[in-house]
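*Asks:* So the protein lines, in turn, are chains A and B.
Following full-length UniProt numbering, the numbering of the first sequence begins with 1 at its first residue and continues without gaps.
Following full-length UniProt numbering, the numbering of the second sequence begins with 1 at its first residue and continues without gaps.
None of these hints come from the bench; they were simulated from the model.
Just so you know, not all the hints are guaranteed correct.
Partial pick of chain B residues on the chain A-facing surface, computed with a CB cut under 8 Å [as the list claims (entries may be wrong)]: (1) R9; (2) I11; (3) A12; (4) I34; (5) F37; (6) Q40; (7) L41; (8) V46; (9) T56; (10) V67; (11) A80; (12) V90; (13) V94.
Just so you know, even glycine gets a beta-carbon here, dropped at the ideal spot from N, CA and C.
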Amino acid sequence: MTDLTDLSLAEAREGLKGRRFSATELTRAHLAAMEKAEALNAYVLATPDKALAMAAESDRRIAAGEAGPLEGIPLGVKDLFATEGVRTTACSAILDNFHPPYESTVTHQLWRDGAVMLGKLNNDEFAMGSSNETSAFGPVVNPWRRKGSNVKLVPGGSSGGSAAAVAARLCLGATATDTGGSIRQPAAFTGTVGIKPTYGRCSRWGIVAFASSLDQAGPIAKTVRDSAILLRSMAGHDPKDTTSADLPVPDFEAAVTRGVKGLRIGIPKEYRLDGMPAEIEALWQKGAEWLKAAGAEIVEVSLPHTRYALPAYYIVAPAEASSNLARYDGVRYGLRVPGKDIVEMYEKTRAAGFGREVKRRIMIGTYVLSAGYYDAYYLRAQKVRTLIKRDFEQAYASGVDAILAPATPSSAFGLGEKADASPVEMYLNDVFTVTVNMAGLPGIAVPAGLDAQGLPLGLQLIGRPFDEETLFAAGQVIEDAAGRMALPEAWWA
Amino acid sequence: MSVDEKTVRRIAHLARIAVTDAEVPHLQGELNAILAFVEQLGEVDVEGVEPMTSVTPMVMKKRADAVTDGGYPEKIVANAPMSEDNFFMVPKVVE
């Protein structure tokens, strides 16, 4: 029998159904792989006892004929999701040893459907970062390396632990969140599939908040089909999140084999950036050809406000973050550093508990919301956001079903390589993904090939609101044409 | 627009984050780099454009004004760095 950790989620589901192996065996195989992969630092907390107890429950339900749609499937959970009784930190020192007395809606639904929790995954502190280097637990190492090199690379961020764990076969799928590209960029850097669904598709309840009008949960998985299977369980209306959409959850997996015949796929001309690497341009072209060969019509579209998405994002997201992170005050949970009075206690606690990137964003957010600057920055950015969304609405109104773009402007870069760069340079990683959050649209990143260094590159498909199904259909066409990504050899084990 | 050292200290205080003298010039440089980057939004013609308030057109759901949860103060204070009799403890704020 091949190693159980090599299976896709869909393959493992079949194996469990056919009783070729038990949920306990499948879970043990992943726990063993996790133990050998500590060098990657993908998990910040392993929960083997809980995993084995959940797997035993799954085996009992399978035997009783009561299996749920994800019965016995071992998953990793980004440390941004509150898990009842299991330490949840958002990878920030300020949450210290927080043990939530409740479970996030998304993870609750995964366990409801029979999935098994292996542990909590590393991420950029409060999901603020594009390389997983801002985590209080230290950086995650990408399981991919350049051909003939042992230089450590970043897995992308903020869901770097999720992406690395899936690529390194340390789980069959993982939860992730995406505020400006935090699912799609790490998926592209690790040769995995990641989908950020439409804003409102998944409940945000119990997910540590970063920027509430942009945050969305979604899965990272090995294949398009696996991501469709996971999203179905994660999605759905939740009365506890007033922004969650009261819409039925489609059978996303059924859409995977739908094909793209007769669909119109838009190529946004504004995404052709100056200085874009030729390899990215060529891959994008190839993606369009694949979709065309599968029966889609390729048309050029214009999204004229694209270049303003990133600067508008770096006003809106920090503004919301500065407000959301006001709750970390050393009173109700987490770290407390004593002071001579309450204000000094707040200031010392927050100075000690937040990392540099988080402090920077809180301060930018505080500034743009402060008296006298609100109109010039925040209000203007929200107006620009309306224009960005209008661009997409016009493209879709012209008959385009989905938009094809690169997922990232480069492949994975080295750990520490951008340490001396200005924060803005790191922000440029999100240039192709951030528009999608600003407009609340769904976007999927699918591995589409390797660059000359042997590193994975991804393509991104952007859909109409609540039309994730077309993304799964078109994503599968790309996966079929590119061939399922062969994940890297386990050099770390 | 750019910020001076005094403004950096003011923002830090508004954000309730203690900053050392050594940190201020560095923060000032970083904040100014970000502010310079967002400056380009000034080019966009936003005349007559409504600011976005909701990314998807939806009416916010309301529920009956009734108590649906609660009654477990010990769980609420369980993670507090300091608590007594199910109350959060803070330094004295009223003289």
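*Asks:* So, against the hints stated earlier in the document, which numbers end up violated here?
*Replies:* Hints 1, 10, 13 not satisfied by this model.
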